[in-house]
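As a plain string of letters, each chain reads:
2 protein chains.
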Amino acid sequence: MTIESTLFMRAARRQPTERPPVWFMRQAGRVLPEYRAIREKYSLLEISRHPDVCTEVTLQPVRRFAMDAAILFADIMHPLVGAGVPLDIVDGVGPVIETPVRAARDVEILRPLDPEADLPYVLETIRMLKRELGDATPLIGFAGAPFTLAAYLIEGRASREFLRTKTMMYEAPDTWHELMTRLADMVIAFMRAQRAAGVDVLQLFDSWVGALSRNDYVRYVQPYTRRIFAALAPLDMPLIHFGVNTATLLDAMATDGASIIGADWRIPLDRAWTIVGQDKGIQGNLDPTVLLGPPEVIAREVGDVLDRADGRPGHIFNLGHGLLPQTPIPAIEHALATVRERHHAGGR
Amino acid sequence: MTIESTLFMRAARRQPTERPPVWFMRQAGRVLPEYRAIREKYSLLEISRHPDVCTEVTLQPVRRFAMDAAILFADIMHPLVGAGVPLDIVDGVGPVIETPVRAARDVEILRPLDPEADLPYVLETIRMLKRELGDATPLIGFAGAPFTLAAYLIEGRASREFLRTKTMMYEAPDTWHELMTRLADMVIAFMRAQRAAGVDVLQLFDSWVGALSRNDYVRYVQPYTRRIFAALAPLDMPLIHFGVNTATLLDAMATDGASIIGADWRIPLDRAWTIVGQDKGIQGNLDPTVLLGPPEVIAREVGDVLDRADGRPGHIFNLGHGLLPQTPIPAIEHALATVRERHHAGGR
Chain A
139 MTIESTLFMR AARRQPTERP PVWFMRQAGR VLPEYRAIRE KYSLLEISRH
189 PDVCTEVTLQ PVRRFAMDAA ILFADIMHPL VGAGVPLDIV DGVGPVIETP
239 VRAARDVEIL RPLDPEADLP YVLETIRMLK RELGDATPLI GFAGAPFTLA
289 AYLIEGRASR EFLRTKTMMY EAPDTWHELM TRLADMVIAF MRAQRAAGVD
339 VLQLFDSWVG ALSRNDYVRY VQPYTRRIFA ALAPLDMPLI HFGVNTATLL
389 DAMATDGASI IGADWRIPLD RAWTIVGQDK GIQGNLDPTV LLGPPEVIAR
439 EVGDVLDRAD GRPGHIFNLG HGLLPQTPIP AIEHALATVR ERHHAGGR
Chain B
139 MTIESTLFMR AARRQPTERP PVWFMRQAGR VLPEYRAIRE KYSLLEISRH
189 PDVCTEVTLQ PVRRFAMDAA ILFADIMHPL VGAGVPLDIV DGVGPVIETP
239 VRAARDVEIL RPLDPEADLP YVLETIRMLK RELGDATPLI GFAGAPFTLA
289 AYLIEGRASR EFLRTKTMMY EAPDTWHELM TRLADMVIAF MRAQRAAGVD
339 VLQLFDSWVG ALSRNDYVRY VQPYTRRIFA ALAPLDMPLI HFGVNTATLL
389 DAMATDGASI IGADWRIPLD RAWTIVGQDK GIQGNLDPTV LLGPPEVIAR
439 EVGDVLDRAD GRPGHIFNLG HGLLPQTPIP AIEHALATVR ERHHAGGR
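So the sequences go chain by chain: A and B. The numbering used here puts the first residue of the first sequence at 139, with every later residue one more than the last. The numbering used here puts the first residue of the second sequence at 139, with every later residue one more than the last.
Incorrect hints may have been included.
It does not matter which identical chain is meant; a pair holds if it fits inside one copy or across any two.
As a list, the in silico SDA-like pairs of lysine to any residue whose alpha-carbon atoms are at most 25 Å apart [to be verified]: (1) K268 with F367; (2) K418 with P406; (3) K418 with R352; (4) K179 with P189; (5) K268 with S397.
In short, the hints are calculated from the structure, not lab data.
All chains should be modelled from the sequences, with the hints used to inform the complete structure.
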């Protein structure tokens, strides 16, 4: 067996598979009691600085649920952490930036990322994980996308309306473009280093991009998404581009260079696939809140996603966003069983 | 001149007009210094209980900006206020419910709304406004839609993920459907009473519905939207159905009985119109954040909305959501001037 012959990698290359591979965003973390036990001793960023602990946390869901892929336990903010931007990941709040970026001079002090020097522990974790996972389970690496990183830098923390971020785009486009260029280059350096350390797949998380109009995406964000995927194209690996609330951006995202587009639960999966085109893979897209419901609702809604994918090559089953902390373990197991049963029910 | 011959009503009936009519959601309120002066003496709900003050607040933007329609100053929560649900509208937070609805017994105590007895001051305001506005400017009445009212009732306040609301839908569908039936009937009673008092147009605000998957909208919400619009159809008046983040719901919403569909800024207006069909009007859809930008960005983005509408009958120019409190008055004036100039530039 080689890594390329795993269910996940074959689907990610849009080859026919017996059933869709399945993993869940945030599968490593808050929902698992074995993770919470570790979190009593380490903060989120401390876990990532201890490759042995971080390897363990990454492997926990693979062990417990036999997920078809592992995802490196890390935060979308790691490129900024590595570049020395003072920030914290606060429980129940998310990333909080100590000194938000508000002007050109704040952008000028953002230095490039040197992953081997700045984030050696992340790369060491990847190397440990690859030894543990062998050729049985692919490892997904990732980073936050420039828009989402910029939004955190400018707002200081998660926002509903991103007023300061959009205002910078409109009022200070030169500052905005300089910021996005620097962030894109950090992401490129980080993702290349992850690949060199051994990850099999890379996912770009643009969590907040769905706040933008299509015009704003095309003008202020797309050039940097394209810059990243163009830089990664020579690596010849599956590249996933994910955002929340992107129904109106999917056609634009589909031209940005990723081979697999992530969709949230708002858009029916078959429509998303029609929009991005059959030459792309699709990852998604169960509403994570469904996993707070009873088994019959979970089975119904997982079944609906599978029906809409209809066994087409290139579907990676996932949620439309990350697992909610309240998700009961049996709900995850029930969803996974429903996907895996589809194999026997005549999936191609 | 009759009210039906105004620019707004002709567009709302999808008749050709010289230019699109324009009004802005939340035009009455926070952005106006003359409103803030009144708010120093009265809370939001107090204003609505004083028809003379409420009439003044409703007229302020019509006077200052010559808006093509007035919208009754009220809150989407008024049906619940009238039915005696203890709640407050907290500055910077929005509606806060004293005792959130969590179980069937909480639903059972929700009583029907008797608008003449429960909300006489709102109806008196409408009558005063109609005397003031005459046949020159139409008056828009409105209410929150059942899903949004239910979400506030269940969550207790605005939410990002609506976990409790969705969990009730999935786990206690009978309770959910009973709640939605009662809320729909409150909205119907309130809207009929507003019509009887004189409003020319009614808008149903489903602010939070965009959190739902299409499946959930169809199963848990659509029957109640349809119930409302079916009950209002005999009134033969323009009915607007608005929600935020509805790109994936627009085709469903278009079958629910409204004659005009509101779209937020995420979907290009021409695409929204293609989805809802040319037999519907479209209201929208400038990103309110654009009004925090410089004049050239405002002109560019207003122009883009107008270009996408392309002079077709049935376009009502508006924002994609309410005016932001920080919006400078000159930005509003610049946007309005850009819409009005389109008249001379060859709009049909």
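Which hints, by number, does the structure contradict? none
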